[in-house]
Amino acid sequence: MRFWFAILALFAAPVLAQQSMPPAPYAYTQLEDPALEAEATELMETLRCLKCQSQSINDSDAPMAGDMRHQVRSRILAGESPDAIRSWLTQRYGDYVSYQPEVSSTTWPLFAIPLLLLLIVGGVLFTRLGKRRSDKGTE
Amino acid sequence: MRLAYFIPLALFLFFAGLAGYQLTQPKEQNVRSQMIEQPLPDFTLEPALEGMPGVSRADFVDGQPRLLNIWASWCLPCIAEAPHLERLREEGVEIIGIAVRDRPEAVADFLNRYGNPYSRIGSDDISELMLEIGASGVPETYVIDAAGNIRYQHIGDIRAETVPLLLEKLEEVR
Chain S
1 MRFWFAILAL
11 FAAPVLAQQS
21 MPPAPYAYTQ
31 LEDPALEAEA
41 TELMETLRCL
51 KCQSQSINDS
61 DAPMAGDMRH
71 QVRSRILAGE
81 SPDAIRSWLT
91 QRYGDYVSYQ
101 PEVSSTTWPL
111 FAIPLLLLLI
121 VGGVLFTRLG
131 KRRSDKGTE
Chain X
1 MRLAYFIPLA
11 LFLFFAGLAG
21 YQLTQPKEQN
31 VRSQMIEQPL
41 PDFTLEPALE
51 GMPGVSRADF
61 VDGQPRLLNI
71 WASWCLPCIA
81 EAPHLERLRE
91 EGVEIIGIAV
101 RDRPEAVADF
111 LNRYGNPYSR
121 IGSDDISELM
131 LEIGASGVPE
141 TYVIDAAGNI
151 RYQHIGDIRA
161 ETVPLLLEKL
171 EEVR
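So the sequences go chain by chain: S and X. Residues 1 to 139 (my numbering) make up the first sequence, in order. Residues 1 to 174 (my numbering) make up the second sequence, in order.
Calculated from the structure, these hints are not laboratory results. Note that the structure is a prediction, hence the values are computed from the model and not measured. Don't take every hint at face value.
Said to hold, decoys possible - Among the chain S residues that face chain X by a calculated CB cut under 8 Å, a handful are:
no. : residue
1   : M21
2   : A24
3   : Y28
4   : T46
5   : A62
6   : M64
7   : R75
8   : A78
9   : Q91
10  : Y93
11  : I113
Ideal Cβ placement from N, Cα and C applies to all residues, glycine included.
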């Protein structure tokens with residue numbers, strides 16, 4: 001009996017993988033032109049995978065990330081600029097899809113506050129040190 | 001001791017408190033589509049199985065609101081939402097399906113098992129339509145108004161309590 005089970009097991013097809021579809025043409029295939037591929041890679045490293053949200057689509061093996069890489073590579077190949085592709089995606093998914101920091105109406109305090117703090121520190125140091133020096137001058 | 005010396009400490013405690021509060025808040029895991037209130041983009045998808053029509057933008061613009069349901073035979077929550085889609089169909093809603101990264105045999109098998117509420121099923125092998133309309137997962141359901149504009153996005157499987165909500169949204173955009 002056990003023998004026949006073993007024989008049967010030999011003929012069993014492995015359980016089909018959940019995603020049995022072939023990936024999109026440019027999901028795992030680089031562009032032939034190294035310059036274009038470099039442009040695409042640079043962009044893909046700064047686009048968020050929507051399924052695995054802490055990875056870039058360049059790092060992710062999620063099927064959706066593969067489909068996004070296909071879009072990036074085929075659009076670069078068609079002559080679209082990386083900026084146009086990024087804004088095509090942010091139009092659809094919002095700023096969250098892009099890892100590239102951008103100054104906008106909501107993010108400007110992130111850039112302004114450090115500058116403001118530096119100015120305050122500079123001002124405080126200047127008045128303090130200036131005072132000490134003038135103190136010395138009067139002695 | 002001057003009171004001003006406590007300002008940095010107060011600021012620090014404020015930010016620590018803010019961070020602590022944010023840590024207790026649940027994170028929004030879903031990336032919502034920014035395409036709500038936008039027209040459906042132009043697209044044409046081949047039929048996902050033999051004997052049923054494929055899907056294009058033209059199927060959405062003849063003066064009647066519809067549901068666009070993104071699903072796949074490999075998606076488990078899609079099994080859970082199948083009876084609720086069937087209920088929507090019984091209520092007279094036209095549901096157009098988009099099968100994502102799917103094979104015709106698998107689609108046919110799924111429909112045989114869990115029912116077929118769709119009038120058409122297009123096949124989106126490389127997430128083309130998903131990316132066009134800002135969908136980030138399977139399943140998702142969109143309310144499309146009579147003029148072919150995207151009006152509402154439901155992320156995740158349709159549950160019993162989602163059915164009246166979708167019916168209401170469909171009524172609103174009629």
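Quick rundown of the hints versus the structure:
1. M21: holds (4 Å)
2. A24: holds (4 Å)
3. Y28: For Y28(S), the interface hint is violated, since the closest Cβ of chain X sits about 12 Å away, which is over 8 Å.
4. T46: Because about 16 Å separates T46(S) from the closest Cβ in chain X, which is outside the 8 Å limit, the hint is violated.
5. A62: The hint is violated - A62(S) has no Cβ within 8 Å of chain X, the shortest such distance being about 10 Å.
6. M64: Result: holds, 6 Å to nearest chain X Cβ.
7. R75: Violated. Min distance 11 Å.
8. A78: Violated, about 14 Å.
9. Q91: Constraint on Q91(S) satisfied, holds at 6 Å.
10. Y93: holds (5 Å)
11. I113: violated (11 Å)
Hints 3, 4, 5, 7, 8 and 11, counting from the list given before, are not met by this structure.
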